[in-house]
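Novice: As they're listed, the protein sequences go chains D and X. Just so you know, we're using my numbering here: the first sequence kicks off at 1 and counts up by one. Just so you know, we're using my numbering here: the second sequence kicks off at 1001 and counts up by one.
No wet-lab data here; the hints were simulated from the structure. Glycine included, each C-beta is placed from N, C-alpha and C at the ideal position. One thing to keep in mind: the hints can contain errors.
[Stated by the list, open to error] Once the Cα atoms are required to be at most 20 Å apart in a straight line, the calculated SDA-like pairs of lysine to any residue come out as:
(1) D:57 / X:1050
(2) X:1391 / X:1452
(3) X:1012 / D:208
(4) X:1154 / X:1184
(5) X:1097 / D:191
(6) X:1243 / X:1226
(7) X:1097 / D:202
(8) X:1090 / D:57
(9) X:1120 / X:1050
(10) X:1055 / D:54
(11) D:96 / D:119
(12) X:1090 / D:115
(13) X:1097 / D:54
(14) X:1367 / X:1383
(15) X:1458 / X:1398
(16) X:1090 / D:29
(17) D:105 / D:91
(18) X:1055 / D:9
(19) X:1391 / X:1455
(20) D:162 / X:1092
(21) X:1090 / D:119
(22) X:1097 / D:79
(23) X:1090 / D:62
(24) D:162 / D:115
(25) X:1012 / D:37
(26) D:57 / X:1049
(27) X:1296 / X:1342
(28) X:1090 / D:34
(29) X:1119 / X:1176
(30) X:1055 / D:76
(31) D:57 / X:1060
(32) X:1012 / D:202
(33) X:1230 / X:1259
(34) D:96 / D:54
(35) D:57 / X:1327
[As the list claims (entries may be wrong)] What the simulated footprint calls covered on chain X by chain D, stretch by stretch (three residues with Cβ under 8 Å from a Cβ of chain D suffice, anywhere in the stretch; the number is not a length):
(36) 1014 to 1023
(37) 1199 to 1207
(38) 1212 to 1225
(39) 1313 to 1320
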Amino acid sequence: MVVVGAQFLLWAISGLYMVLMNIHYVHGEFLSVDSREELIGREVNYSFDSLVRDNPKAINVELTMSSGHPIYRFVTPQGHGAAVDANTGERIPPVKEHQARQIAKYSYAGNDEISHVKLISDASLKPSEISARHLPVWQVTFDHYSAPTFYVNEYTGEIVTKRHTPWRIFDWMWRLHIMDYTEGENVSNLLFILSATTALAAGLTGIILLVLRLRSDFAKEAL
Amino acid sequence: MSLLGFTKSIHKWVSIAVGFQIMIWIGTGGYFALVDHHVAGGNASKTSVNHQGVKTRPLIPWMNLTGQSAESVKLLWILEQPYYQVIHTKPEHRYQKHYVQLFNAYSGEPFVLTEPFVKKIANRSYTGTANVIAVSLVKPPVRELPREENAVWKVSFDDPSHTNVYIDKNYGRVISHIDDDRRLRDLMFRLHFMDYGNSGSFNHWLIVSAAGLTLTLSVTGIVWLIALFKSGLLRVPLAKNRKQLSVRHLASGTTSDLALPKADTILHGLAEAGVFLPSRCGGGGTCGACKFKSSKNLPQTTADQDLLSPEQLNRGYRLACQHFVSGIEQIEIDAPQEVQTYELTTVETKFVTPFIKEIKFTAAGGKRVPYRAGAYMSFIIPGGTNFIRPKDLPQHYERYWQQIPSGTFTHQGGVRHYSLATYDSLDNKLIFNVRWQLHESAAGLGSSYLGALNVGDKVIASGPFSDFFASENEVVRRVLIGAGSGLAPLRAIIWEQVELGSDRHETWLIQGARNEDELAYNEEFETLSEEMGNFFYLPTLSSPSCNWEGKQGYVQQVILGQIKHWLNGEVTEFYLCGPSKMMIEVENILINSGVPSELIFKDDFSSGR
């Protein structure tokens, strides 16, 4: 117990946090407004057929609304996102900082101001909370104690992911829970296996002690 | 109840509530740590399916489709054919309920995924060799996909791991392969998440309560651990250093010496030696059953205070799980005594006086017999016929035996007690002095039986027990008074004191005997007194030869002559062992001279010994 006692406490704390926090809240689903818009068909003068003709290798082609205008989004053979104006058929240039601010602000459910914006394009400099496949992205952080952050893809203007403090804590709790103090991905680490084995022994002996104690407690009462 | 007691009580009740779930958490956690996640995820026979095709005809504009109001439209390739996926509501997660329509992107006809398509997709995704045995559209709830809120296609394969391939009816994409490995993993998740209703979620009141209780259990456990650590009850024994603990059994009135590891608690140390104090909590300091009594004023731990009454504490009772062997020399316990019985092998016998035979034994198998100086053992004397006279009497003692008849006598057997003339760390042999007891036409049971042993003969004895031993008091001097075979325990104590060092207190031996021949170990003691400045040897003979230059008379006279010197302002302890008449008289002299009775220690071997 001396050996795994602290880890038991960490398991209990992190486990309690993870079950107590609703996963949809943790994922920050409430952070963005329901920005669903009907597609405005009359503004679509550039057809799917034309898009596939002009970009034969495009995958995941999707026609959707972006800030009130219909656009096509797709993934290029190079693996990054691209956006095309559905009215003109012109490639939409990479999102500038003011546009990223606009997109984030448009979608954000709160009233807070944006505290800072940063373009992240180098995978080696990305924060651990986002995946490399989302790059390049604008990191737009709002001025709120939970530091809500929207990540806006530079090529498509799409909000690819969101983060806020409860989610960041959740990630830390997960690491504490699986005892992976580096990347937070490896459940099968040696430390965890050793602790689990020791914990099993500690738990079993605990149960034995408990059974012994209860048996005698009842025996005592029966006297 | 103290705060710690309260903490322990909470710890107990909470552990009842969540103990088994914690075991499930640890067990399933261990599974997650050890399992191959690729296989456990059901991916053993899964490969990704590329649906992407090439446009062969113009695509119909999506505006021409019926029911075109949409949030977004995707160009979706299914088995190399293009389809428009019209999305009316797209939820955050794929498994949530979604409203989607498919249209053939060439013709604009509404399209529904049917069995042949689904079968084809499943076969492409499946790397095994087995065949499809069933295809069906399953409405939610889907047992094997608990979170799924949409209807899904299920394609079952005829393989040993019972693979089911699930395909999203709105996308034509493979959701999961569910095989036996995956089912096991899902079961583990359900157990880990306490998802006994199969909701696929871990945000429910049951697990929240269990987690809350577990946190309480951890916190109370850690508080308890810290308390144990502070009270010094938590240490790692590096070496099993042992020490002698004299344990007095209140039930039998006997005392045994046990060599217990210093770093153990008394409870565990005694258990290792085969003496089991009652304990219901196993040494946790919660049941209060493992009481012992010590004359020493031991510190009180919180468990002592919680579980013993103030009166018990004052009388010297403590809990054996709360105190270490290292700080204690002597305790009293009320537990049944586990008597050790040894088979002893005779290794040497010789007469040391005309009537005393020194017999040496070793325990069978070289077993170490722990005991301290002054201890005795009980010999089992089997019934039978014994010789009255010894057969190996040395020639020069023959004259003392002239009156003794030869022949045999028959007896029923019994138990006889003999003191050890040595102690365990001095000698690995067990040495006894057996004095021939002689009656009209018989000899003593013990002496005639043990005295007739030859080298190699085996006997059974139990013990060692000790009622008689040198105190650990810081005294100035110890006076040992003995006669006859009563010398045995005194000899052991003398050697023990000698081994403790010459710079310590004085040890005196007053040995009484009839004549020079009967003065057992005389030469040994003479040599010792010459070598050791703090050992004083005063043999006295009642009928010596004319060559005797030492004291003459009984030990009582020697004591009367010395008592003033011994009581001169210094603390002196007296140790008596010998014939009862001598012991009574000596005790009277000492008491009359003002020696407090607690400084007089007697080994009364005449009463049943």
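Novice: Each hint: holds or not?
Specialist: Quick rundown of the hints versus the structure:
no.	hint	verdict
1	D:57 / X:1050	holds, 13 Å
2	X:1391 / X:1452	holds, 7 Å
3	X:1012 / D:208	holds, 12 Å
4	X:1154 / X:1184	holds, 19 Å
5	X:1097 / D:191	violated, 40 Å
6	X:1243 / X:1226	violated, 28 Å
7	X:1097 / D:202	violated, 44 Å
8	X:1090 / D:57	violated, 25 Å
9	X:1120 / X:1050	holds, 12 Å
10	X:1055 / D:54	holds, 12 Å
11	D:96 / D:119	holds, 9 Å
12	X:1090 / D:115	violated, 30 Å
13	X:1097 / D:54	violated, 34 Å
14	X:1367 / X:1383	violated, 27 Å
15	X:1458 / X:1398	violated, 28 Å
16	X:1090 / D:29	holds, 13 Å
17	D:105 / D:91	violated, 23 Å
18	X:1055 / D:9	violated, 59 Å
19	X:1391 / X:1455	holds, 14 Å
20	D:162 / X:1092	holds, 12 Å
21	X:1090 / D:119	violated, 28 Å
22	X:1097 / D:79	violated, 29 Å
23	X:1090 / D:62	holds, 13 Å
24	D:162 / D:115	holds, 15 Å
25	X:1012 / D:37	violated, 57 Å
26	D:57 / X:1049	holds, 17 Å
27	X:1296 / X:1342	violated, 32 Å
28	X:1090 / D:34	holds, 11 Å
29	X:1119 / X:1176	holds, 14 Å
30	X:1055 / D:76	holds, 17 Å
31	D:57 / X:1060	holds, 19 Å
32	X:1012 / D:202	holds, 15 Å
33	X:1230 / X:1259	violated, 27 Å
34	D:96 / D:54	violated, 25 Å
35	D:57 / X:1327	violated, 84 Å
36	1014 to 1023	holds (count 6)
37	1199 to 1207	holds (count 5)
38	1212 to 1225	holds (count 9)
39	1313 to 1320	violated (count 0)
In this structure, the earlier hints numbered 5, 6, 7, 8, 12, 13, 14, 15, 17, 18, 21, 22, 25, 27, 33, 34, 35, 39 are contradicted, and the remaining ones agree with it.
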